[in-house]
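Visitor: The listed protein sequences derive, respectively, from chains A and B. Numbered according to this note's numbering, the first sequence spans residues 535 to 821. Numbered according to this note's numbering, the second sequence spans residues 3 to 268.
These are calculated hints, taken from the structure and not from any lab test. Incorrect hints may appear among the rest.
Claimed, not checked - Mimicking BS3-like on lysine-lysine, the simulated pairs with C-alpha atoms at most 30 Å apart in a straight line are: (1) 738/A x 627/A; (2) 740/A x 7/B; (3) 542/A x 176/B; (4) 627/A x 176/B; (5) 537/A x 180/B; (6) 176/B x 537/A; (7) 627/A x 7/B; (8) 738/A x 217/B; (9) 537/A x 738/A.
All values reported here derive from a predicted model rather than from experimental measurement.
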Amino acid sequence: MNKSRSNKAWFLVLPVVLLVAFSAVVPLMTVVNYSIQDIFDVNTRIYVGTEWYREILSDPRLQDSLVRQFIFSGAVLLIEIPLGIAVALMMPKTGNWSVVTLLVLALPLLVPLNVVGTIWQIFGRADIGLFGWALNEMGMNYNYAANPMDAWFTVLLMDVWHWTSLVALLAYSGLRAIPDAYYQAASIDRASSWAVFRYIQLPKLKSVLLIGVLLRFMDSFMIYTEPFVLTGGGPGNSTTFLSQALTKMAVGQFDIGPAGAFSIIYFLIILLVSWLFYTAMTHGDSK
Amino acid sequence: MNKRKTLGLSLYILFLLLPLYWLLMMSFKSNQEILGGLTFWPNDFTFANYTTIFTDASWYMGYINSIYYVSLNMVISLIVALPAAYAFSRFRFIGDNHLFFWLLTNRMAPPAVFLLPFFQLYSSVGLFDTHIGVALAHCLFNVPLAVWILEGFMSGVPREIDETAYIDGYSFPKFFMKIFIPLISSGIGVTAFFCFMFSWIELLLARTLTSVSAKPIAAVMTRTVSASGIDWGVLAAAGVLTILPGMLVIWFVRNHVAKGFALGRV
Chain A
535 MNKSRSNKAW FLVLPVVLLV AFSAVVPLMT VVNYSIQDIF DVNTRIYVGT
585 EWYREILSDP RLQDSLVRQF IFSGAVLLIE IPLGIAVALM MPKTGNWSVV
635 TLLVLALPLL VPLNVVGTIW QIFGRADIGL FGWALNEMGM NYNYAANPMD
685 AWFTVLLMDV WHWTSLVALL AYSGLRAIPD AYYQAASIDR ASSWAVFRYI
735 QLPKLKSVLL IGVLLRFMDS FMIYTEPFVL TGGGPGNSTT FLSQALTKMA
785 VGQFDIGPAG AFSIIYFLII LLVSWLFYTA MTHGDSK
Chain B
3 MNKRKTLGLS LYILFLLLPL YWLLMMSFKS NQEILGGLTF WPNDFTFANY
53 TTIFTDASWY MGYINSIYYV SLNMVISLIV ALPAAYAFSR FRFIGDNHLF
103 FWLLTNRMAP PAVFLLPFFQ LYSSVGLFDT HIGVALAHCL FNVPLAVWIL
153 EGFMSGVPRE IDETAYIDGY SFPKFFMKIF IPLISSGIGV TAFFCFMFSW
203 IELLLARTLT SVSAKPIAAV MTRTVSASGI DWGVLAAAGV LTILPGMLVI
253 WFVRNHVAKG FALGRV
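All chains, please: the whole structure from these sequences, using the hints.
Guide: Take a look at the structure:
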């Protein structure tokens, strides 16, 4: 769409800029301030430069949780994006059933994060939960509180349960936007259903999938509450992800300087990876 | 082919609903029954867990607090995002692309990063433990998202409509309220749904920025854990009650959301 040039439009965006400046820029500057100083009390601050950054980069707490975080986010994307597309393809296109499916799919999205943790905490227990009980009845020695592999499995399953719907709803909306003429042309050409998917549906889904991938990446990379409620980051540290490691450092031990440096590095990684996804997925659009 | 689709979808829906069913059934059981063995239907159907919540102000105030700050957040997000999204969809201005990208970067900021500075900033300006404080903090991730979604919907409305309205003598505010907003009502419905969702489910910031008077339900729920063990029944009932407002919201915006999704602009 050709847009008209008008700098008066700044007045329309001004409220957003002011609001976000208050709730993002000021706090972010405070974090930067923490990360370059050693603060003893309000009046005693020593400028330490990049010391905290060097300390935190060689800190195993950051390194270990960073590795876990990347494995987790990678697994989440690899499972949820294909599964979400598959669910969207299976959904009825019109009629009352499509509304009902939409509503049911939206249901897990509206469960508060800590309740998601609680639901799976109960559901996975061998004594009072259906899921844990069933697995143990089948002869598997499943216990998410004691066995790291089981804990990982449960955290992943919980995330798939909670968020695949988001991808499915986005993909569904993308599929609905494809005009019928495309399908008619494909059926005249006797295209197989795989060809329809590969050459018609998938390319048309690209823009909504970009949103889906970005949102899922960001949110899985910031995950805190669900594993905190379910396993408390354990057993050991096996499900301690970045946000929990950071919160432990900042609020638990009150190491403000290192926590500030940790925060900046954390934020920069998310920005970098999101930018990579964005560039990779929009590459070729401008050609 | 169609049978396979229906079967696959049914299995997925079963996977979604089973944990919720388990929570719902548990909320009607007494703790003895919960710990006494697995039952698919409560033997001894009881509302005692719900009574505990509805007769204790420190319990049900948690729900009121949560609903209050989530509604505030929805209203603030929409009010500031609507004109901004209009500007991004209709005009070119100095720094527009940079500004749009900068807004989106705020959606990428982990709440854990902002925990301490928010706490200090809000304490110093008197916003700590207020509903408006939590609502403003949640704007951090909801406003960029609202601008993003609304911009998509607005770009789908032809420019000619704006121009015709101006030729007919409409002023900008009148045009915006009378003509433009009704045209993108589905978009507003979808945006409201997403703002509600992300604000309602967030716990970390809401818990850190409140202590007593604006304490969210998610933080109140932690008190089911005591020295004598976990009160599973009440925990399950509280969990069920946190899902209900969301179901109400979906029910009210269902047509908008279905239409918004059907238009393929989310």
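Visitor: Each hint needs a verdict: does it hold in this structure or not?
Guide: Here is how each hint holds up against the structure:
Note on residue 738/A and residue 627/A: the hinted pairing holds, with a Cα-Cα distance of about 16 Å set against a maximum of 30 Å. With a CA separation close to 23 Å, the supplied pair residue 740/A and residue 7/B stays within the 30 Å bound. Of the supplied pair hints, the one linking residue 542/A and residue 176/B holds, its CA atoms being roughly 18 Å apart against a limit of 30 Å. For the hint linking residue 627/A to residue 176/B, the alpha-carbon distance of about 37 Å lies beyond 30 Å, and the restraint is violated.
Pair hint residue 537/A plus residue 180/B holds up; C-alpha atoms about 22 Å apart against a cutoff of 30 Å. Proposed proximity of residue 176/B and residue 537/A is supported: the alpha carbons are some 21 Å apart, at most 30 Å. A C-alpha spacing of about 12 Å is found between residue 627/A and residue 7/B, which places the hinted pair at or below 30 Å, so the restraint holds. At most 30 Å may separate the alpha-carbon atoms for a hinted pair to count; residue 738/A and residue 217/B exceed this at roughly 44 Å.
Restraint check for residue 537/A and residue 738/A: satisfied, since their Cα atoms lie roughly 24 Å apart, inside the 30 Å limit.
Figure legend: structure checked against the earlier numbered hints; hints not met, in rising order: 4, 8.
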